[in-house]
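2 protein chains.
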Amino acid sequence: MKIGIYGYGNLGKGVEYAVMQNPDMELFGVFTRRDPATVHILTEGGKVFPADDVTKYKEDIDVLIICGGSATDLPTMTPALAADFNVIDSFDTHADIPTHFARVDAAAKTSGHTALISCGWDPGMFSLNRLYANAILPQGKDYTFWGKGVSQGHSDAIRRIEGVADARQYTCPVEAAVEAVRRGEQPELSTREKHTRLCYVVAKPGADTARIEQEIKTMPKYFSDYDTTVHFISQEELDAEHKGIPHGGCVIRTGQTGGGQTHVIEYSLKLDSNPEFTASVLAAYARAVYRLNKRGDTGCKTVFDIAPAELSAQSPEELRAHML
Amino acid sequence: MKIGIYGYGNLGKGVEYAVMQNPDMELFGVFTRRDPATVHILTEGGKVFPADDVTKYKEDIDVLIICGGSATDLPTMTPALAADFNVIDSFDTHADIPTHFARVDAAAKTSGHTALISCGWDPGMFSLNRLYANAILPQGKDYTFWGKGVSQGHSDAIRRIEGVADARQYTCPVEAAVEAVRRGEQPELSTREKHTRLCYVVAKPGADTARIEQEIKTMPKYFSDYDTTVHFISQEELDAEHKGIPHGGCVIRTGQTGGGQTHVIEYSLKLDSNPEFTASVLAAYARAVYRLNKRGDTGCKTVFDIAPAELSAQSPEELRAHML
Chain A
9 MKIGIYGYGN LGKGVEYAVM QNPDMELFGV FTRRDPATVH ILTEGGKVFP
59 ADDVTKYKED IDVLIICGGS ATDLPTMTPA LAADFNVIDS FDTHADIPTH
109 FARVDAAAKT SGHTALISCG WDPGMFSLNR LYANAILPQG KDYTFWGKGV
159 SQGHSDAIRR IEGVADARQY TCPVEAAVEA VRRGEQPELS TREKHTRLCY
209 VVAKPGADTA RIEQEIKTMP KYFSDYDTTV HFISQEELDA EHKGIPHGGC
259 VIRTGQTGGG QTHVIEYSLK LDSNPEFTAS VLAAYARAVY RLNKRGDTGC
309 KTVFDIAPAE LSAQSPEELR AHML
Chain B
9 MKIGIYGYGN LGKGVEYAVM QNPDMELFGV FTRRDPATVH ILTEGGKVFP
59 ADDVTKYKED IDVLIICGGS ATDLPTMTPA LAADFNVIDS FDTHADIPTH
109 FARVDAAAKT SGHTALISCG WDPGMFSLNR LYANAILPQG KDYTFWGKGV
159 SQGHSDAIRR IEGVADARQY TCPVEAAVEA VRRGEQPELS TREKHTRLCY
209 VVAKPGADTA RIEQEIKTMP KYFSDYDTTV HFISQEELDA EHKGIPHGGC
259 VIRTGQTGGG QTHVIEYSLK LDSNPEFTAS VLAAYARAVY RLNKRGDTGC
309 KTVFDIAPAE LSAQSPEELR AHML
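Chains as they are written, first to last, in this note's numbering: chain A, 9 to 332; chain B, 9 to 332.
Pulled out of the complex, with its shape left as it was, chain A reads as follows:
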């Protein structure tokens, strides 16, 4: 199947890597809003096209993987591109999913294409595990912990403070809370009791670090509800120690069955690279989107609607024989 990558940041590059790992997939090309001549991709002989030209290739691409941001790109990109392509995105603004779904569904149904939104690990694999665990244990309690991992949004928020040259923020789960949940105790946990925030900040020369630290710790929504630690370090140290984009976390549901027995279901991820892992999930679901469209199953889907076998390159017979 021929894959198009629309947008070539960290996520798009991750999709390109993922396509290389899947022998049944082939990169048709990368579409970028930058000047294609300035964009060098990893695939030998791989093509780069201007984003505006994408519809010229609508007969050549089986699935277009849209690697844009949820804030401003995807709400317009995904419905627009679903008019001409089978598409998949990683839209992650949880509260706006129903609206995004309705718009993409309308576009895909009209054009006879298949779309899948909000794919990745949260939303995505974490959502799936919440659903499975809730269906199995109707009487129970859900917990999601994130980290230790880099939050791009929180890092950006720190960088906007006056006197800050660079910053990296890690979201960390409170281990004692995770352990209590794993023991099946079903604690009630406040925001502060679930996660802490760890910030590495490079101050500009002469900047007032005490004021910067205070501004970070009191920033509403981002930091004020958390126990936040701020370390001032040099740009060299930040570049050497904090340039990766690791992330992860866990979804835990604990519940009781009739005989008063407690069960703990946990799904956890430890990811060296958040975008490369997200991209790998997108590639697997691109296979499903391709198959569904071949069968005439059009409109917008989410990970909840896709049977697991659709993700695998193996046949149903192979899966039953070797993986069940």
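Keep in mind that the hints were calculated from the coordinates and are not lab data.
Some clues are possibly wrong.
Pairs count within a copy or across copies, as identical chains cannot be separated in the list.
Simulated crosslink set (DSS-like; lysine-lysine; CA at most 30 Å straight-line) [as the list claims (entries may be wrong)]: (1) K302 to K117; (2) K202 to K156; (3) K156 to K212; (4) K149 to K10; (5) K117 to K251; (6) K212 to K55; (7) K149 to K251; (8) K212 to K66; (9) K202 to K55; (10) K10 to K55.
With chain A's structure known, arrange chain B on it following the hints.
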């Protein structure tokens, strides 16, 4: 939807508990090979019928959950009952799944029913997680660890030794191996390096405990490939400390994505009651079987073929709004 339970041991009782926890399900009745007058079930006013009469009620039952053993019951029961019912079983002899599938599929397709086999946690939820993780990380390595949990088969094997009055065997994962896998080291592990076996044995009065211990530790297939520890205890201690049926384990896949980044995906279960949890999985999948049959999707399925949303009592809209 009306559920029939065919077989009323620990698993059947667990299904009965699970039906009580799901407001959209109702117990039609329990079918037993014992004298129905001697079988007392948990559901107030619940009915118990002779197993031989089950086809009399084929119009009254939406899904029949077959709670028999994999060795001798299910290979004949499930295909036979699929002639008259939508059925679900927990067939767990991994090597025989393709044969069992073919026979159940033929019966269900002929009769226009929907069947689902090999449901539970392994095969079942563990299989699903192997599939998802393999699809996401095509370059990687799988590990499954079981325990700490009671193995009924190994406990039975010890009880067959002369001089043994009672026994309980726990399968335990080797924690150092699990930790190495979680660090992404992808070790090659022998059988002995993955699990140990812990046995609590009640010897009959005057029995030669040294000989019993030797017979256990050298028993082929069951114990000789493992580091096995044997403790002789009293019947009172066994009854007080070891009458539960806990189990669990974890499925871990570690793999690399293109940029040389390592990712660890882990799904783990800690279960106070193996049969009650398995039963809860069966109940959730019974909902899916019911829905598929209503849509005319007949024949035999496995957990690989079922879209996650089919397991949930919530609507697709609710799931997208609250669980994605």
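(request) Enumerate the violated hints, using their earlier numbering and listing them in ascending order. (result) 5, 6, 8, 9
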